[in-house]
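Asker: Taken in order, these protein sequences are the chains called Y and Z.
When we follow this note's numbering, the leftmost residue of the first sequence carries the number 9, and every step to the right adds one.
When we follow this note's numbering, the leftmost residue of the second sequence carries the number 9, and every step to the right adds one.
Check the hints yourself; a few may be wrong.
Stated by the list, open to error - To be clear about the criterion: a stretch of chain Z counts as covered by chain Y if any three or more of its residues have a C-beta under 8 Å from a C-beta of chain Y, and this derived list gives those stretches: (1) 328-337; (2) 344-353; (3) 418-424.
Claimed, not checked - Below, a sample of chain Y positions facing chain Z; criterion: calculated Cβ distance under 7 Å: (4) R237; (5) G313; (6) I342; (7) V445.
Since the hints were derived computationally from the structure, they do not count as laboratory data.
Using N, Cα and C, we set each Cβ at its ideal position, and we do this for glycine too.
Protein chains: 2
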Amino acid sequence: MRHLLVIGGDAAGMSAASQARRLRGPDELAITVLERGGTTSYAACGIPYWVAGLVESRARLVARRAEEFRTRQAIDVHLGTEAVAIDTAARSVRARDLATGAETEHAYDDLVVATGTMPVLPPVPGLDADGVLPVRTLDDGQAVLDALSDRAPRRAVVVGGGYIGIEMAEALRLRGLDVALVDLAPQPMTTLEPELGDRVAAALRADGVDLRLGTPLTGVEAGADGRVRAVSTPDGAIDADLVVLGTGVRPGSDLAAAAGVPVGPSGGIVTDPRMRTPVDGVWAAGDCAETVHRVTGGPVSFALGTVANKQGRVAGLNLGGIPAEFPGVLGTAITKYHDLEIARTGLSLREAATAGLDAIATTAESRTRANYYPDHAPIAVLLITERGTGRLLGGQIVGGPGAGKRIDTIAVALWHGMTASAMVDLDLAYAPPFSPVWDPVQTAARIVPEPEG
Amino acid sequence: MRHLLVIGGDAAGMSAASQARRLRGPDELAITVLERGGTTSYAACGIPYWVAGLVESRARLVARRAEEFRTRQAIDVHLGTEAVAIDTAARSVRARDLATGAETEHAYDDLVVATGTMPVLPPVPGLDADGVLPVRTLDDGQAVLDALSDRAPRRAVVVGGGYIGIEMAEALRLRGLDVALVDLAPQPMTTLEPELGDRVAAALRADGVDLRLGTPLTGVEAGADGRVRAVSTPDGAIDADLVVLGTGVRPGSDLAAAAGVPVGPSGGIVTDPRMRTPVDGVWAAGDCAETVHRVTGGPVSFALGTVANKQGRVAGLNLGGIPAEFPGVLGTAITKYHDLEIARTGLSLREAATAGLDAIATTAESRTRANYYPDHAPIAVLLITERGTGRLLGGQIVGGPGAGKRIDTIAVALWHGMTASAMVDLDLAYAPPFSPVWDPVQTAARIVPEPEG
Chain Y
9 MRHLLVIGGD
19 AAGMSAASQA
29 RRLRGPDELA
39 ITVLERGGTT
49 SYAACGIPYW
59 VAGLVESRAR
69 LVARRAEEFR
79 TRQAIDVHLG
89 TEAVAIDTAA
99 RSVRARDLAT
109 GAETEHAYDD
119 LVVATGTMPV
129 LPPVPGLDAD
139 GVLPVRTLDD
149 GQAVLDALSD
159 RAPRRAVVVG
169 GGYIGIEMAE
179 ALRLRGLDVA
189 LVDLAPQPMT
199 TLEPELGDRV
209 AAALRADGVD
219 LRLGTPLTGV
229 EAGADGRVRA
239 VSTPDGAIDA
249 DLVVLGTGVR
259 PGSDLAAAAG
269 VPVGPSGGIV
279 TDPRMRTPVD
289 GVWAAGDCAE
299 TVHRVTGGPV
309 SFALGTVANK
319 QGRVAGLNLG
329 GIPAEFPGVL
339 GTAITKYHDL
349 EIARTGLSLR
359 EAATAGLDAI
369 ATTAESRTRA
379 NYYPDHAPIA
389 VLLITERGTG
399 RLLGGQIVGG
409 PGAGKRIDTI
419 AVALWHGMTA
429 SAMVDLDLAY
439 APPFSPVWDP
449 VQTAARIVPE
459 PEG
Chain Z
9 MRHLLVIGGD
19 AAGMSAASQA
29 RRLRGPDELA
39 ITVLERGGTT
49 SYAACGIPYW
59 VAGLVESRAR
69 LVARRAEEFR
79 TRQAIDVHLG
89 TEAVAIDTAA
99 RSVRARDLAT
109 GAETEHAYDD
119 LVVATGTMPV
129 LPPVPGLDAD
139 GVLPVRTLDD
149 GQAVLDALSD
159 RAPRRAVVVG
169 GGYIGIEMAE
179 ALRLRGLDVA
189 LVDLAPQPMT
199 TLEPELGDRV
209 AAALRADGVD
219 LRLGTPLTGV
229 EAGADGRVRA
239 VSTPDGAIDA
249 DLVVLGTGVR
259 PGSDLAAAAG
269 VPVGPSGGIV
279 TDPRMRTPVD
289 GVWAAGDCAE
299 TVHRVTGGPV
309 SFALGTVANK
319 QGRVAGLNLG
329 GIPAEFPGVL
339 GTAITKYHDL
349 EIARTGLSLR
359 EAATAGLDAI
369 ATTAESRTRA
379 NYYPDHAPIA
389 VLLITERGTG
399 RLLGGQIVGG
409 PGAGKRIDTI
419 AVALWHGMTA
429 SAMVDLDLAY
439 APPFSPVWDP
449 VQTAARIVPE
459 PEG
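Let's have the full structure, built from the sequences with the hints guiding it.
Answerer: Rendered as structure tokens:
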């Protein structure tokens with residue numbers, strides 16, 4: 009009987025465990041999962057919508073409960089159990105029951121590290137004030153909801169203008185709060201070129217968000233009761249009775265690193281395409297792992313549920329005896345602010361420059377539907393291409409309903425290394441309720457400068 | 009001064025003329041377009057939505073008027089002028105002014121035949137009754153609108169359950185008419201597998217459409233006043249005071265064929281990838297032309313505006329001195345019936361069998377958004393793959409809002425000859441308002457049986 013141990017019971021860890029179980033029955037493989045939190049397989053991406061009141065309950069965000077893994081798949085899930093040390097020589101993990109403090113040792117033949125992310129907090133005083141809340145876990149989401157119902161806050165400050173920041177700004181606006189958003193960067197969504205980032209900024213401002221760009225957070229001020237009452241910036245204080253931290257995450261690779269498992273330049277655990285680390289018997293998958301960017305070939309880590317599920321599946325296939333490889337990522341991602349859809353894939357101009365690629369950005373304005381069809385909305389498609397060859401390096405979309413998922417067309421084209429001119433030939437679907445006769449993606453591809461010569 | 013003559017002033021013809029003009033000024037190339045109808049560059053695909061009342065005027069369906077081509081691009085457009093004969097030896101086209109009957113001769117150095125489609129009418133008596141209307145041209149659309157306003161019909165019969173048939177059924181239901189739809193086939197949308205066609209049938213029935221499948225039209229009955237009053241079928245008459253013919257089209261290749269220009273097995277004019285016919289100086293583009301199916305390599309003709317625009321552009325690039333090739337089609341198409349979106353690309357099982365391919369269909373049921381996010385709707389994705397290799401051959405989608413344009417993901421994968429298992433690796437966009445964490449396309453790819461061995 010071999011023993012598979014998994015640290016982390018969310019997307020990557022449970023995908024690995026489930027996939028391995030489908031290939032190896034309980035008579036040949038024991039599977040144990042150690043999960044620090046109180047829930048398996050929950051949709052962290054759904055937290056802003058739960059806070060907004062669009063999702064009826066916390067339970068709806070749990071794709072599959074620990075009990076189901078136990079009874080249906082004979083996967084021994086330990087909740088509230090934090091792995092505190094890995095001994096890769098002895099092939100054993102020490103874990104602590106967070107309720108009792110009791111420690112246990114778990115031997116393994118194979119270990120999957122799926123420890124997710126760690127929050128990156130701004131280095132300022134006062135973050136421990138009551139009412140300053142991150143939004144990374146279900147418990148975090150519950151704390152925001154509790155604050156909304158118990159204290160009826162009126163003024164919220166969201167720190168960070170990335171995905172979670174704008175999703176939380178939307179949620180709090182939907183809850184009727186006054187919202188200020190503070191970001192050090194000169195635009196929200198810094199993964200977009202400024203031209204598209206400006207459209208996101210305009211949408212936030214049009215919705216009444218007090219947008220403080222190029223503004224570092226310098227501190228959080230609390231009242232005598234310990235409750236937050238403002239945040240400090242060089243331009244003065246902003247009143248707040250709720251502060252939401254959306255300042256980003258980094259790979260949660262510390263536990264593995266402490267055990268001598270190599271961590272790469274992205275901060276993620278080094279893996280090969282089969283999701284093995286360089287340490288015998290140790291695998292890594294999901295947000296804590298480093299993988300390859302398909303465009304640059306360089307090492308990257310993305311905190312994306314899609315990637316976590318795929319990497320967990322690949323690890324599980326290999327652990328179950330079916331050779332499988334994870335072929336790398338493009339960093340495809342999507343979000344929205346009310347009706348404005350925002351998506352990107354591949355490299356930005358800056359990322360291309362960092363990779364030594366001479367890139368240009370070309371933007372086409374178009375409509376989501378035929379311009380005579382009701383409810384057509386603007387869509388801007390920006391393509392990043394290599395100068396001289398026209399090779400696609402990335403794409404970004406900001407537009408109305410129906411705009412965002414068009415990023416998938418660009419992502420599949422990018423996956424295959426297409427040039428912009430070849431994309432013009434693609435046979436995409438057209439009917440007036442769905443698109444102009446030239447899809448906006450192709451309208452963008454058509455105006456990319458032709459390769460010379 | 010060379011002379012480019014174009015027969016047909018819609019998508020393919022005007023794309024060719026415009027593209028050639030952008031590359032060759034009026035001092036080196038004269039361009040003349042002969043158009044039988046009264047309008048250039050109109051959106052035939054928009055007619056059902058105009059009839060439905062969703063498009064405010066006929067003018068909105070005209071992308072660019074003849075006058076604009078004349079003044080802005082020095083393209084000499086002759087409206088109401090039908091080409092009646094091509095003399096390929098003399099390089100001349102005889103045309104007739106449909107208002108005066110006067111005939112003119114037009115010499116050319118290069119001729120682009122872009123004569124569109126011809127309707128295929130059921131071989132039954134009574135089609136000349138008053139109130140029996142096709143919907144191919146703007147004039148046809150106007151006639152339906154005139155019938156609606158002048159006669160206030162209450163019962164319509166739509167003949168044909170393809171794209172135009174179901175779009176016209178939707179339009180007439182939106183206008184408040186009782187609608188029966190008659191089709192010889194056992195399902196609407198015969199380009200779909202029965203399993204998905206049945207969903208379209210269910211949506212039509214749920215909307216109150218009297219769906220008569222497997223039912224040949226045997227005649228149209230008129231009253232003493234010459235007006236239609238019913239259609240006949242083997243199962244009895246169906247009362248109707250309006251009959252809309254959506255029985256399909258074939259390539260409008262007769263004029264070219266009469267001049268000795270070869271017509272292929274699809275009924276379309278034979279072309280090479282540059283859109284040249286085998287006859288020197290004669291080009292063809294759009295619905296009248298035959299092209300190559302990218303999956304089978306065999307000859308096909310599709311009446312699709314996307315293809316017409318692309319082929320016209322390729323012809324125009326070549327005529328302007330820039331070598332360009334049209335790389336073939338997948339037959340990607342999309343429509344909807346109210347909220348039910350319907351799309352397909354590539355081969356059906358039957359088309360695969362005809363091409364000698366051993367294919368299987370795999371269908372996955374999923375949701376358009378995360379299942380905890382509001383307004384998620386069912387989506388069925390059906391993939392056609394080659395047995396044994398898993399190579400993608402086609403795809404079909406039927407589902408709620410947000411379902412249909414996912415066909416583009418499949419179309420780009422198909423363009424590159426991906427296998428289903430490789431599609432599982434694609435980096436597609438996920439956020440709860442847009443998709444489950446595994447996009448429905450990948451959920452389908454995951455359950456395609458693995459290649460043997």
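Asker: Of the numbered hints stated previously, which ones are contradicted by the structure, given in increasing order?
Answerer: 4
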